[in-house]
Amino acid sequence: MSEEAALAGIRVVDAAGSIATGYCGKLFADHGAVVINAEPPEGFGTRRESPFLPAAEPPENSALHAWLSTNKASAVVQSVDDVCALAHDADVVLDDGRFDVEDFVAATPSVVVSTLTWFGRTGPYAHYQGTDGVVQSLIGMVRGIGTEEGPPILPAGCQAQIVGGLAAYIGTLGQVVAREIGNAAGPVRLDTSLFEANLCFTEVGGVGGHRSGRRVRRMGVNRYPPTYPLGIYPCRDGWLGVTALTPSQWKSFCELLHMQEFADVPQYQSAVGRLQDAGMLDPLIHERVRDRSATELFNRGQGARIPLALVPTMEQLFSVDQYVARRAFDEVRPSAHAGFMAPVTPFRLFRTPATRGGDVAALGSMATAAASEAVRRTSA
Amino acid sequence: MSRPGLLEGVRVVDLSMGWAGPLAARHLADMGADVIKVEGCIRFDWWRGWEATQEWIDDNGAEMSPAFNMVNRNKRDLTLDLSTPEGAGLLLRLVAISDVVVENYSAGVLPKLGLDYPVLAQANPQVVMISMPAFGSDGPWQAYRAYGSTVEQASGLPHQSGEESMPPTMIHVALGDSVGGLNGAAALLTALRARRRTGKGQHLDLSQSECLFPLGIKGILTQSVTGSPPQRLGNRSLEHAPHGVYPCAGDDEWIVIQVRSEAEWKALAAVSGIVGFGDVADRLARQEELDEAVRAFTSAQVAELLMPELQDAGVPAARLAGGLELTTDPHLAARGFWKMMQREHVGELPHPAAPYRVGEAPFDIDRPAPTLGQHNEEVLSEVLGLGAKEIAALAEKGVIGTKPRLP
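Just so you know, the sequences run in chain order A and B.
Here the first sequence stands for residues 7 to 386, numbered as in my numbering.
Here the second sequence stands for residues -5 to 401, numbered as in my numbering.
Okay, chain B solo, but in the shape it has when bound:
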């Protein structure tokens, strides 16, 4: 098996780092695009490590990051020092024969290198280029720095989750990154389709904080149409009961139960033996009492067993999994979601499938994330037509390399 060839013939130059940009490019790679990741030996992808020391470099620390390895599979890696005329020139030559450029540098970096969109578009008017700054490429915050956590904080979402007694509540260490990555992939495919229709490339702009607005849409619309903010309800609902996270047997074991209809309530009552509650109006009016009854039932149950029992009865319920359980989840295993692959320096790693598939099997993954500069010779010779002596000279000057260097 191999990757699907949906985007075969599409070449992507991936200048992005961290999570969001590389994830956007990963989706294109998973569909068969030739994604060439371009890093520098000094300015390497910071997701390889952001606290570099010589000891870390000597221990191949740049190759160990699970996060880096997750989002860069199916790609080739080329190192270029873009601050040198040779490196910048080679990038322009690569862009001239590519279809897509992905970048998420801080504002000002590419212009300073002489490699911003107008320059790249001159090299290739048909190129589709996406920039993924945290807050977008215009406006008073355009140059502001952010991580996935920062954009979640700025999106308004923290004022929707949690209980009224809690501070605004974040739900992830870097929520903005993965959502930004998905939107980046969506934007690139949209622009590729537009290019097919118009014959013209274009520049795309994505604000990672605005990408989170659709996730908070219910709260945003509540404010917009009622003039009042949404209530922060914790785990409760204004419309349904029981609706919450309940303790199970064991240390920090929990199950979520969200009853949405009378049929589901009857099913839960039958499994749990809970009696004495009426229709949804009654249950909403007696939520404390109801939650206590549900807790009394679940606290003696094993979450892993209670989930299928409730689900088989028609009740929406799920154990609260942790990272430890994801690679052993029976459903994901049955669907072949994780593919074990050997990766140099780290051994065998599970790789997640794309979330869409044709037929029963997921899209295959051809190769794990590349090591730094792993495909220097391959790309420089096969794609750019350089000879062995030219490549050796680039290595001699430090324009390319296969090990990080401290500045």
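Isolated chain A, as found in the complex:
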């Protein structure tokens, strides 16, 4: 890692090994911090997360773990004492609630123990079992997804954990920066709740519910009030994503689909007014796009300043010209498997760029003593 890397000189020990701490640590590592996975002998739990590399064996066969672990080191720890010894001089310890600040403070007097848990360290849910679906249900996201009759649909994957890791990165780096500019000192435990982190999606709805006293009913797949038209429509050669919010976007959208008779209807100058007639307008939109090319509509629509989208399949995603031009994917190189393409850090610092992709250390490939030395300030 270049001396110019944004986070060079920061030392992080991940003592938890969750997807959330893994993503938080990945952002540190890809921007140049020394990040060491302090793993139990069987490896972090993320090593048992799908998808798996077809030609590798456990514990080196999780593609998810590999992506989370680019540019990090791995050391095996046998005990809490090992973790504490490893974290000597660390700026940050990523934790899932098993450690106390006091465990580290003797050796690292200004350590930031950043604790990521599903519900935070206090409160009546603190002992609850969390999953992505549990959190997404409690924040009010799931209730709005799917058909009117239900059941509501859970978002796929590990989205809530990624959002939690991202929020923890913000809070943790804020503490590190504050120490460096003299606005904070001494040890601190930062408590990040994945539940609260994911409320960023629905806090506006929470305030709306508080003010109106009403519950918004689910309106069907891809139907989210107050915006209309909003949705994904099948075309001759793929899928077109539609959003038309302002009166001018609605007018241009009507022109694009040869629906000019609806462009100036007073009721349709507001999104809510259009939503009231979605039952009539939606079949018409379907009919007007189904025999046309999604690519052509997308480009012509964007030319008319309508925020339309191509909706790439997973197969198409890697070859979307915009993402190819920006090199949005790069190679992750596991220790025991051929490299594979995966998303790079989504924000770009032009002067101090993040590492794109990167190497993945095998379990315990760094001896504990060497890892401890890497974290020590004197080795910087």
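Think of the hints as simulated: they come from the structure by calculation, not from any bench.
The beta carbon of each residue, even a glycine, is placed where N, CA and C say it ideally should be.
Watch out, some of these pointers could steer you wrong.
Unchecked claim - No more than 30 Å apart at the CA atoms, straight line, and that leaves these computed lysine-lysine pairs for DSBU-like:
no.	chain 1	residue 1	chain 2	residue 2
1	B	Lys397	B	Lys333
2	A	Lys257	B	Lys397
3	A	Lys257	B	Lys106
4	B	Lys383	B	Lys397
5	B	Lys106	B	Lys194
Said to hold, decoys possible - Covered stretches of chain B, as calculated for chain A (at least 3 residues, CB under 8 Å):
no.	region
6	139 to 145
7	220 to 234
8	313 to 321
Guided by the hints, dock chain B onto chain A, whose structure is given.
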């Protein structure tokens, strides 16, 4: 109490509008940065309202938006007409003594105003500036317009959620915005740290659609390493059962139950009385039958009561809350997550805490979102050193103001 002073002394010029940019700046404000939001009376933050009429202006519609009020707390507000030489000049003076600029204008707007990064960096070489276009600042889509919904559509995520029989399924009205905002805050802190190390400012570029790739990482990696797309499983799992959303007593009441281990299955069986199913292989093979048994149990239960009963037994479960329940959630209440604050024109509003805290109490919130131009005099006099006559002249010319104007 007051906001933590973690970023005290850091000044942020927030030119952004809508959700993503203002949310990024909110995180810095919550940590104690002095965030000055700059809007125009004609080109005001569109989240105040995007269907402006004179009647709406006369009724103070620009101050009513819950969405605007959520993401702009802890900030000051300055109006400047950036299309005038006076407005642009004052912005440059402000940037010259600031640390961060946040902007999410459409491509071409700032260059047209003569206020793009090279110009701002000339005024202040140490400034950190983030641009947050939907698809990034280069590539064939760089000038394309988008909302949070558009970037979700373009991210590939809709092909992961839902059932095979459904069209690609979105999960939010504007998913890209909040994720873009979090990434924006992360990027700014990273660059501030780099500046601390190198002494140099820089320009940051964030593609809101690429910000969603990590959320879809399991599906993206499945495609990458197997050559096949992930299955769209609806609420089911290839690895665990039962795993779904089940009806409860009442109108549109549901509970999610996601059993991940034999211990959790035994706990669920004990609470529900469901019998006749074996290990996970057996349960996965008989998912229809299993789901029917779970439905038969949950449909007579009250979701609000069943959640703690199952959780206390060790089963991951949650009621499906709606917006109505968020501000009354007992856990959030116990953690002081919502702070009630008076806001001019709208009365008392709940404000959500930052998702990270030190100790038991959340970071405090000093003030609600500003009204349009609320801090014109304060910023122009205290920060930029203008006198009362100069400020009055700016108001006279319409460079500053406190009410929206139609173009």
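For each hint, the structure was consulted:
At most 30 Å may separate the alpha-carbon atoms for a hinted pair to count; lysine 397 (chain B) and lysine 333 (chain B) meet this at roughly 28 Å. Only pairs whose Cα atoms come within 30 Å are accepted, and lysine 257 (chain A) paired with lysine 397 (chain B) is accepted, the gap being roughly 28 Å. A C-alpha spacing of about 26 Å is found between lysine 257 (chain A) and lysine 106 (chain B), which places the hinted pair at or below 30 Å, so the restraint holds. Distance check on the hinted pair: lysine 383 (chain B) and lysine 397 (chain B) sit about 20 Å apart at the alpha-carbon level, within 30 Å; holds.
Taking the CA atoms of lysine 106 (chain B) and lysine 194 (chain B), the gap is near 26 Å; set against the 30 Å cutoff, the hint holds. As drawn, the region 139 to 145 of chain B meets chain A at 6 residues by the rule of a beta-carbon pair under 8 Å; at three or more, the given contact holds. Given as covered by chain A, the region 220 to 234 of chain B passes the check, having 9 residues with a CB less than 8 Å from a CB of that chain where 3 are the minimum. Under the rule that three or more residues need a Cβ within less than 8 Å of chain A, the assignment of the region 313 to 321 of chain B holds, with 9 such residues.
In the structure shown, no violation is registered for any of the earlier numbered hints.
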